[in-house]
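Engineer: If you read the sequence shown in my numbering, its first letter stands for residue 2, the second for the next number, and so on.
No wet-lab data here; the hints were simulated from the structure.
Worth double-checking, as some hints may not be accurate.
As the list claims (entries may be wrong) - Derived CB-CB ranges, DEER-like: (1) Met47 with Phe6: 36 to 44 angstroms; (2) Ser20 with Ile94: 31 to 39 angstroms; (3) Asp7 with Lys87: 25 to 33 angstroms; (4) Asp44 with Gly4: 21 to 29 angstroms; (5) Asp7 with Ala93: 38 to 46 angstroms; (6) Leu86 with Gln46: 19 to 27 angstroms; (7) Leu5 with Lys72: 23 to 31 angstroms; (8) Ala91 with Val19: 38 to 46 angstroms; (9) Ser51 with Gly16: 38 to 46 angstroms.
Note that the structure is predicted; figures quoted are calculated from it, not measured.
Backbone N, C-alpha and C define an ideal beta-carbon position, used for all residues, glycine too.
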Amino acid sequence: KLGLFDTLQSKLVTGENVSQTYQFIFTGNAELGFIALSQVIVDGQMTGGSAWIVPADLHEPIHQDAVILAKGQDQPAAQALVDYLKGEKAKAIIKSYGYAL
């Protein structure tokens, strides 16, 4: 939407996943990168450096879900974890790391 891809394409390096991209940035092998906000927030605060939170209207929504696989469907601990994640305490923790619910 910003029209930057064609201009910057020759300079882009793509990590295999967000963790590898973070490693590129952290080690200085990349000047900047798109990573999860949760990777640079501790106790609700930025850990250092600078950041630009991409406005929601500039990207597709990113959905993350928790599921219980068939192998765990009869495991009380699996359901307990999902129930916990749906609770207010977990929601507050998730929000403190920059996630919208």
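Engineer: For each hint, tell me whether it holds in the structure or not.
Structural biologist: These are the hints, each one checked on the structure:
Between Met47 and Phe6 the Cβ separation comes to about 26 angstroms, which falls outside the hinted range of 36 to 44 angstroms. The hint said 31 to 39 angstroms for the Cβ distance between Ser20 and Ile94, and at roughly 20 angstroms that hint is violated. Remark: the range hint 25 to 33 angstroms for Asp7 to Lys87 is contradicted by a beta-carbon distance near 43 angstroms. The beta-carbon spacing between Asp44 and Gly4, approximately 37 angstroms, falls outside the hinted interval of 21 to 29 angstroms.
Under the hint 38 to 46 angstroms, the C-beta atoms of Asp7 and Ala93, about 41 angstroms apart, fit the expected range. Checked against the hint of 19 to 27 angstroms, the pair Leu86 and Gln46 passes, with Cβ atoms roughly 23 angstroms apart. Hint check: Leu5 to Lys72, Cβ distance near 44 angstroms, so the stated range 23 to 31 angstroms is violated. As the Cβ distance of Ala91 to Val19 is approximately 21 angstroms, the hint placing it in 38 to 46 angstroms is violated.
Remark: the range hint 38 to 46 angstroms for Ser51 to Gly16 is contradicted by a beta-carbon distance near 19 angstroms.
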